[in-house]
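Please construct the entire structure, taking both the sequences and the accompanying hints into account.
Line order of the protein sequences matches chains A and B. Residue 92, in the numbering used here, is where the first sequence stops; the numbers in between run on with no holes. Residue 287, in the numbering used here, is where the second sequence stops; the numbers in between run on with no holes.
The hints are simulated quantities; they were obtained by calculation from the structure and are not laboratory data. Using N, Cα and C, we set each Cβ at its ideal position, and we do this for glycine too. Each hint should be verified, as a subset may be incorrect.
Said to hold, decoys possible - Covered stretches of chain B, as calculated for chain A (at least 3 residues, CB under 8 Å): (1) 26 to 37; (2) 52 to 59; (3) 261 to 271.
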Amino acid sequence: MFGWMAWTWPTILFFCGLFTAMAIITFIEIRYPGTSERKGVLGLTTTRGDRLFLSLLGAAYIFLAWIFFFGMPLWGPLAISIGWGVFCFWKV
Amino acid sequence: MKTENQKAWFFVLPVLLLVAFNALIPMMTVVNYSVQETFGNNVFFFEGLRWFEQLLNSERFHAALGRQFMFTGIILAIEIPLGIIIALSMPRQGFWVPVCLVLMALPMLIPWNVVGAMWNIFALPDIGLLGYLMNTTLGINYDMTQSPFAAWATIITMDVWHWTSLVVLLSYAGLVSIPDAYYQAAKIDGASPFKVFRYIQLPKMKQVLTIAILLRFMDSFNIYTEPFVLTGGGPGNSTTLLSIDLVKIALGQFDLGPAAAMSLIYFAITLLVSWLFYTLMTKDDAK
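See below:
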């Protein structure tokens, strides 16, 4: 049924991670409603969903920039992306 | 705690399913393609992030991306101020209002490929009205099939002709929503027309202008049909915008892997710029 979608294990894991992240913030929202809106260090008013979006979009750019400047391997951008994600949820 | 009615979710469910089928699942397939190589027949070979590496370092991609930003930058710089000026000079009441509105809306009603074909015939140097006028009557050497500058001038003029109306209509909607009391107050204070524009009209138009800029950015950044029909990306590669290059790679060369990688980068750029625009322009309202 999904043969035409040309799945690979890395992309399956990628999407599982993505949907898990979305499920987690949905669960947190149901458990603690109110979107935890606040004004962060960048002067932006962000909700939990905004922070997830920023973490993921930022991670995409960090990986692309690393591939452009340094190429493989990709442990460096992985570490930076995790750091960026923590920063987003903590301060932004 | 207040119990909320959650039935509204059932109303959005059909849309969610539709979006899943026409956007989400194809997008996931594109992600899958972007890490593989195929020669057809649904046979794939895993390549990891090779296409991303290749693409980010390719001259061809940089050139197409540069042209795309130049195109979007130029048309935004022309259409937004021009749209505001036209909206300001349109009548606010009386017989001419519907006439102006209909005239403004006309270009937007024409299908994109027809716009491309129209301008192509219009601009042809030997038989086109514009081409003939420029070359024979005015004596200006103008041939969009030969000169990159003429080709650029033509696609930009075409886009301005086609889409300035959108900015006009949105700005106009913003303008007519300003109550008369504001203008009366400005008159009493003896404000100049520029001050009226700067402190009353522009702030009141901010919301609709945000939407106008966003829509024009996204549409022009993803533009394909009109320049493809008008110039086909030529002469040479001079008007090969990102989407035209993408289709060349995907369908012309059947390189689905690199094309998928390119689509994802393309998508990431659109997403970031749209987010930046929206965030920066709505930042002050959140206070």
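Taking the hints in turn, this is what the structure says about them:
1. Against chain A, the region 26 to 37 of chain B contributes 7 residues with a C-beta closer than 8 Å to a partner C-beta. That satisfies the three-residue criterion, and the hint holds.
2. Evaluation of the coverage hint for the region 52 to 59 of chain B: fulfilled, as 4 residues show C-beta separations to chain A shorter than 8 Å, against a requirement of three.
3. With 3 residues having a beta carbon nearer than 8 Å to a beta carbon of chain A, the region 261 to 271 of chain B meets the requirement of three or more and the stated coverage holds.
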